[in-house]
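Using the sequences plus the hints, can you model the full thing?
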Amino acid sequence: MKIREKTYAVIRAEAARKKEERQNIVTDLRRDEKFDGLLRSANALRWDRVLKKGEEKEEAEALLKQTEKEIKNYLSEKGYTEDVLYDTTTCKLCNDTGVFQEKMCECAKRVFVDLSEKRSPLLAGLPDGL
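Here the working numbering is used: the first residue of the sequence shown is 300, the next is one more, and so on.
The set of hints was computed from the structure by calculation and includes no laboratory data.
A couple of the hints might just be wrong.
Using 30 angstroms as the maximum straight-line C-alpha spacing, the simulated BS3-like pairs for lysine-lysine come out as follows [as the list claims (entries may be wrong)]:
1) K377 <-> K364
2) K377 <-> K318
3) K364 <-> K352
4) K364 <-> K351
5) K305 <-> K391
6) K351 <-> K371
7) K318 <-> K371
8) K333 <-> K356
9) K408 <-> K318
10) K371 <-> K333
Just so you know, these numbers come straight off a predicted model, no measurement behind them.
If you want it as structure tokens, here you go:
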């Protein structure tokens, strides 16, 4: 297997590992009745905010903000940040898989360039930043 293919496989495997890790954390959190209740309340309030008008809508928005604050506090108590609930990726095109429209994504190409620069004997001994 070529170096490029190996690196490409590593990028995809790391993205899959991160996604699975996040899913496992969320699954564990959802087993907690308090947390699951908070998530269900937040989802219901999001719908209320969309469907209701006037004062009822404002009340739903206020309750949603309070519920989201409780979720954030709960996650903080458990040692997590709020973004554990969402897929966070560094590349919005390929979602860190390295593939976009059946071709190598620009982010993967940048990784290859960075790696080749680090391995290049022409650059050995040069000061950092050049």
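Hints versus structure:
Among the hinted pairs, K377 with K364 is consistent with the structure: their alpha-carbon atoms are about 20 angstroms apart, no more than 30 angstroms. Simply put, K377 and K318 have alpha-carbon atoms about 19 angstroms apart, close enough for the 30 angstroms limit, and the pair holds. Using a Cα cut-off of 30 angstroms, the hinted pair K364 and K352 holds, with the two alpha carbons roughly 17 angstroms apart. For the hint linking K364 to K351, the alpha-carbon distance of about 16 angstroms falls within 30 angstroms, and the restraint holds.
At roughly 23 angstroms between alpha-carbon atoms, K305 and K391 fall within 30 angstroms of each other, so this suggested pair holds. For the proposed pair K351 and K371, the alpha carbon gap of about 25 angstroms is at most 30 angstroms, so the pair holds. With a C-alpha separation of about 20 angstroms, the suggested pair K318 and K371 falls inside the 30 angstroms cut-off, and the hint holds. Annotation: proposed proximity of K333 to K356 holds, straight-line Cα distance about 25 angstroms (limit 30 angstroms).
For the given pair, K408 sits about 21 angstroms from K318 by alpha-carbon distance, which is consistent with the 30 angstroms threshold. Of the pairs offered as hints, the one joining K371 and K333 holds, with about 13 angstroms between alpha carbons and a cut-off of 30 angstroms not exceeded.
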